[in-house]
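Student: Please work from the sequences and hints to get the whole structure.
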Amino acid sequence: MNTTARINIVWVMLLLVISACDSPAPPSATADDAVIAEFGHEKVTVDEFYLYLKQINPLMQYANLPASEQQRLLDNYVEQRVLATAAREEQLDDDAEVAARLAFFEQRVLADAFRRHFADDIEVDEAEAKTYYDENNALFSVPAKYLIEHLVYKEPDKAIYAQGQLREGRPYLELAQHRQSDADLTFVERNRFAADILLPELRGPVSELEVGEVTELVYTNYGYHVVRLVEKEEATFNAFEDVRGQIIARLQQARAGQALQSLVEDAMQSGRVTTHLQKLRDAESL
1 MNTTARINIV
11 WVMLLLVISA
21 CDSPAPPSAT
31 ADDAVIAEFG
41 HEKVTVDEFY
51 LYLKQINPLM
61 QYANLPASEQ
71 QRLLDNYVEQ
81 RVLATAAREE
91 QLDDDAEVAA
101 RLAFFEQRVL
111 ADAFRRHFAD
121 DIEVDEAEAK
131 TYYDENNALF
141 SVPAKYLIEH
151 LVYKEPDKAI
161 YAQGQLREGR
171 PYLELAQHRQ
181 SDADLTFVER
191 NRFAADILLP
201 ELRGPVSELE
211 VGEVTELVYT
221 NYGYHVVRLV
231 EKEEATFNAF
241 EDVRGQIIAR
251 LQQARAGQAL
261 QSLVEDAMQS
271 GRVTTHLQKL
281 RDAESL
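Reminder that position 267 of the sequence shown reads as 267 in the numbering used here, one-by-one numbering, no gaps.
Careful, some of the hints might be misleading.
Think about it this way: if two alpha-carbon atoms lie no more than 30 Å apart in a straight line, the pair counts; the simulated DSSO-like pairs of lysine-lysine are [unchecked claim]:
id: 1; residue 1: Lys130; residue 2: Lys154
id: 2; residue 1: Lys232; residue 2: Lys154
id: 3; residue 1: Lys54; residue 2: Lys43
id: 4; residue 1: Lys158; residue 2: Lys54
Simulated from the structure, these hints should not be mistaken for lab results.
Tutor: Shown next, in the form of structure tokens:
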């Protein structure tokens with residue numbers, strides 16, 4: 001079959017599917033109300049489409065997306081289904097490379113599903129989870145956060161002047177507004193940061209400030225920095241109740257990983273699975 005004929009077949013199929021999607025569904029009290037697309041006699045329901053979307057982004061909230069994005073996702077799904085059907089009709093799934101890719105993804109999906117299934121069956125009691133929380137408290141720390149007013153100048157004289165003005169209580173915006181007219185004022189910001197987000201040179205000086213205080217001048221490659229601390233949220237820890245599910249999942253996965261590794265090793269040691277590395281090496285040398 002030539003290329004033009006193939007393209008024509010794909011377009012006919014695409015038009016049929018789009019027509020089915022655009023046509024109003026007949027009144028019915030059956031499950032047909034949930035059908036969002038039809039591919040010949042095969043119907044796709046809302047739930048099936050949502051499962052498809054979950055593979056793209058598990059956190060996607062389709063109902064909250066703009067109408068144009070909803071349409072784009074549905075169109076992409078239709079296109080993928082139509083082209084996949086056309087590929088099967090062309091028997092492309094019999095091609096060795098295509099078949100290998102299909103097998104690869106099938107095995108990976110099934111292996112991941114088994115790992116999750118195995119882990120979900122592992123029981124972790126409350127006391128064990130609490131012990132893990134107490135012994136690994138640092139894993140659940142919430143770093144201190146700082147609301148800062150930050151000015152950067154090319155020249156130290158202007159930075160010293162701004163420092164004095166901030167220490168006297170002058171509003172930050174009165175200084176920051178000169179950003180448009182003063183070429184020496186290269187950067188302004190008023191924002192909230194965790195310490196590890198700040199420039200390394202600023203972390204120490206900012207963390208030592210009390211609310212309302214202003215740093216000494218800090219020089220970096222960007223210029224001379226002046227920072228006033230507006231608010232500070234002290235470092236804390238997530239409560240056990242807030243991370244309980246996370247801890248249980250972590251313990252389940254750790255145990256599952258060990259058990260599954262033993263399962264694979266047992267399969268190899270018992271002779272149910274054998275590998276021939278030397279043959280692979282010999283083949284590579286040909």
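Student: Hints first: check each against the structure and report whether it holds.
Tutor: Going down the list of hints, with the structure as the test:
Under the criterion of a C-alpha separation no larger than 30 Å, the hint pairing Lys130 with Lys154 is inconsistent with the structure, at around 52 Å. Under the criterion of a C-alpha separation no larger than 30 Å, the hint pairing Lys232 with Lys154 is consistent with the structure, at around 28 Å. Restraint check: the Cα-Cα separation between Lys54 and Lys43 comes to about 19 Å, which is no more than 30 Å; the hinted pair holds. For a cut-off of 30 Å, the pair hint linking Lys158 to Lys54 is broken: about 54 Å separates their Cα positions.
Taken one by one, the earlier hints fail for this structure at numbers 1, 4, listed in ascending order.
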